[in-house]
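Protein chains: 2
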Amino acid sequence: MKVAVVGANGQIGRHLIKLLDDSEQFNPNAIVRKEDQARSFKAEGIAASLVDLEASVEEISEGLRGADAVVFTAGSGGATDSDKTLLVDLDGAVKTMEAAKQVDIKRFIIVSALQAHHRENWNESLLPYYAAKHYADKELERSGLTYTIIRPGGLLNENGTGKVSAAENLSRGSIPREDVAKAIYASLTEEHTYNRGFDLISGNKPIEEAIKEI
Amino acid sequence: MKVAVVGANGQIGRHLIKLLDDSEQFNPNAIVRKEDQARSFKAEGIAASLVDLEASVEEISEGLRGADAVVFTAGSGGATDSDKTLLVDLDGAVKTMEAAKQVDIKRFIIVSALQAHHRENWNESLLPYYAAKHYADKELERSGLTYTIIRPGGLLNENGTGKVSAAENLSRGSIPREDVAKAIYASLTEEHTYNRGFDLISGNKPIEEAIKEI
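These protein sequence lines are chains G and E, in that order. Take the first sequence: its position 100, counting from 1, is numbered 370 in the working numbering, and each next residue is one higher. Take the second sequence: its position 135, counting from 1, is numbered 405 in the working numbering, and each next residue is one higher.
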């Protein structure tokens, strides 16, 4: 099963690429924005495609072609302004959904943010980002794709523990990026996660078990 | 018929308020953000309510209560950054839709932008704005409200001519704000405009005739 990871050069993306590359079941395609990022994945023997999320749906679909699933974990990041939040986190995500459909990919996982589905719980210091994620998620729910919306809490760089809490609604919490990648990995073919969204923070349950119980 | 005009202090809003106030059929409620704007409408004998589009759906619904229709012509404007584009033009618009439903208002007209429904035709110098309008319009289409999406071309401050071109798809053009207000006014109870969107630029047909032919 070939998995296109959009935002492969991000921290969650790199953890996920490694998990997919180490597995028997999956083959990753690292979707990145810059030539040197693609070269660096290819040097490790990992397939990579150049895609600019500000390009057209047609151009994005060329990068996704041949994949069986898409994981969208790209983000404009904190260093850019809300222009990019609108054009990458929202419109770039929706264009990626449209591109996936154009090349007959059915499975789509997006990395969102804790409680993005409940406006009253948006992080006050990140309101524009939350708005972008909220509307991207809503478009995904109506896309016809077999989706999973993973909404992690505050992202940490420390090593994963492999133990999480996953549910439709959780209180604020944090989680290592490595554990987010593991939850994406575990969700890819787990039908219990199809066409639903869940909050995800560090907790007490092994990841595979936790996502079977959401 | 009571019409809540969200963004009444804007230029299209002020033209529209005057049309509604001069009519037999309609009564306007000027929805504005600042106390002095509300005072200035009230001084002219026009009902006004204070609403902050960055507030909660519940607070917005208080400002709309009692109206039979909502016209959303608010915009964060060119002087603010894309944070406000996301929080006002997109999320503020969608919160206003949710608020309208909470107080049982069925009719909702939004002022969008020419070709906002076709990403490939977005104005290159206004991409974040176009993205915000696009997704607000999509939410409106799915809201269950009886909507009309009016997508004017480049807005001019000169006097209206009363003559327009209106169709689902038009090439780039411009239109006086006064004529946009007249098109909103003419659409309010024109069933031919219910649950559809149209581009609007200056043209050759009287406004009422043009919108009956879209």
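Honestly, the hints are just simulated from the structure, not real lab data. It cannot be assumed that every hint is accurate.
Distance condition first, Cα-Cα at most 27 Å in a straight line; then the derived DSSO-like pairs of lysine-lysine [claimed, not checked]:
1) G:K408 - E:K354
2) G:K371 - G:K272
3) E:K288 - E:K371
4) G:K371 - G:K354
5) G:K376 - E:K408
6) G:K408 - E:K371
7) G:K433 - G:K371
8) G:K304 - G:K482
9) G:K371 - E:K482
10) G:K312 - G:K288
11) E:K304 - E:K475
12) E:K475 - E:K433
13) E:K272 - E:K371
14) G:K475 - G:K304
15) G:K408 - E:K376
16) E:K376 - E:K288
17) G:K354 - E:K408
18) G:K354 - G:K433
19) G:K408 - E:K408
20) E:K475 - E:K354
21) G:K482 - G:K354
22) E:K354 - G:K354
23) G:K371 - G:K408
24) G:K376 - G:K482
Covered by chain E, per the in silico footprint, the following chain G stretches (three or more residues, Cβ under 8 Å) [claimed, not checked]:
25) 384 to 398
26) 407 to 420
Partial chain G-side listing against chain E, Cβ under 10 Å, derived [what the hints assert, rightly or not]:
27) E324
28) V327
29) S331
30) D353
31) D361
32) V364
33) A437
No residue lacks a Cβ here, since even glycine has one placed at the ideal position from N, Cα and C.
These are the hints, each one checked on the structure:
A distance of roughly 20 Å separates the Cα atoms of K408 (chain G) and K354 (chain E); the hinted pair therefore holds under the 27 Å criterion. At roughly 15 Å between alpha-carbon atoms, K371 (chain G) and K272 (chain G) fall within 27 Å of each other, so this suggested pair holds. At roughly 26 Å between alpha-carbon atoms, K288 (chain E) and K371 (chain E) fall within 27 Å of each other, so this suggested pair holds. Using a Cα cut-off of 27 Å, the hinted pair K371 (chain G) and K354 (chain G) holds, with the two alpha carbons roughly 24 Å apart.
Restraint check for K376 (chain G) and K408 (chain E): the C-alpha separation of about 22 Å stays at or below 27 Å, so the hint holds. Between K408 (chain G) and K371 (chain E) the CA atoms are separated by roughly 18 Å; this keeps the pair inside 27 Å, and the hint holds. Proposed proximity of K433 (chain G) and K371 (chain G) is contradicted: the alpha carbons are some 33 Å apart, above 27 Å. Under the criterion of a C-alpha separation no larger than 27 Å, the hint pairing K304 (chain G) with K482 (chain G) is inconsistent with the structure, at around 36 Å.
A distance of roughly 36 Å separates the Cα atoms of K371 (chain G) and K482 (chain E); the hinted pair therefore is violated under the 27 Å criterion. With a C-alpha separation of about 13 Å, the suggested pair K312 (chain G) and K288 (chain G) falls inside the 27 Å cut-off, and the hint holds. Taken as a hint, the K304 (chain E) and K475 (chain E) pair is broken in the structure, with Cα atoms around 37 Å apart against an allowance of 27 Å. For the suggested pair K475 (chain E) and K433 (chain E), the alpha carbons sit about 5 Å apart, so the restraint of at most 27 Å is met.
Between the alpha carbons of K272 (chain E) and K371 (chain E) the distance comes to roughly 15 Å, so the proposed pair stays at or under 27 Å and holds. For the hint pairing K475 (chain G) with K304 (chain G), the CA-to-CA distance comes to about 37 Å; that exceeds 27 Å, so the pair is violated. For the hint pairing K408 (chain G) with K376 (chain E), the CA-to-CA distance comes to about 22 Å; that is within 27 Å, so the pair holds. Between K376 (chain E) and K288 (chain E) the alpha-carbon distance is near 23 Å, which keeps this suggested pair within the 27 Å criterion.
With a C-alpha separation of about 20 Å, the suggested pair K354 (chain G) and K408 (chain E) falls inside the 27 Å cut-off, and the hint holds. A threshold of 27 Å between alpha carbons decides the hint, and for K354 (chain G) with K433 (chain G) the separation of about 33 Å lies outside it, so the pair is violated. For the given pair, K408 (chain G) sits about 10 Å from K408 (chain E) by alpha-carbon distance, which is consistent with the 27 Å threshold. Between K475 (chain E) and K354 (chain E) the alpha-carbon distance is near 36 Å, which puts this suggested pair outside the 27 Å criterion.
Taken as a hint, the K482 (chain G) and K354 (chain G) pair is broken in the structure, with Cα atoms around 35 Å apart against an allowance of 27 Å. At most 27 Å may separate the alpha-carbon atoms for a hinted pair to count; K354 (chain E) and K354 (chain G) meet this at roughly 13 Å. Between K371 (chain G) and K408 (chain G) the CA atoms are separated by roughly 16 Å; this keeps the pair inside 27 Å, and the hint holds. Restraint check: the Cα-Cα separation between K376 (chain G) and K482 (chain G) comes to about 21 Å, which is no more than 27 Å; the hinted pair holds.
With a cut-off of 8 Å between beta carbons, the region 384 to 398 of chain G has 4 residues touching chain E; three or more are needed, and the interface restraint holds. Three residues within the 8 Å Cβ limit are the bar, and the region 407 to 420 of chain G against chain E gives 3, so the coverage statement holds. Interface hint status for E324 (chain G): upheld, as the beta-carbon distance to the closest one in chain E is roughly 8 Å, under 10 Å. For V327 (chain G), the shortest C-beta to C-beta distance to chain E is roughly 8 Å, which falls under 10 Å, so the interface hint holds.
Interface restraint check: S331 (chain G) against chain E, minimum CB-CB distance 14 Å, threshold 10 Å, status violated. A hinted interface residue such as D353 (chain G) counts as satisfied when its beta carbon comes closer than 10 Å to some beta carbon of chain E; here the least separation is about 5 Å, so the hint holds. About 5 Å separates the beta-carbon of D361 (chain G) from the nearest beta-carbon of chain E, less than 10 Å, and the hint is met. For V364 (chain G), the interface hint holds, since its Cβ comes within 10 Å of a Cβ in chain E; the closest pair sits about 8 Å apart.
The criterion of a C-beta within 10 Å of any C-beta in chain E is not met by A437 (chain G), whose closest approach is roughly 24 Å, and the hint is violated.
Comparing the model with each numbered hint stated earlier shows that hints 7, 8, 9, 11, 14, 18, 20, 21, 29, 33 do not hold.
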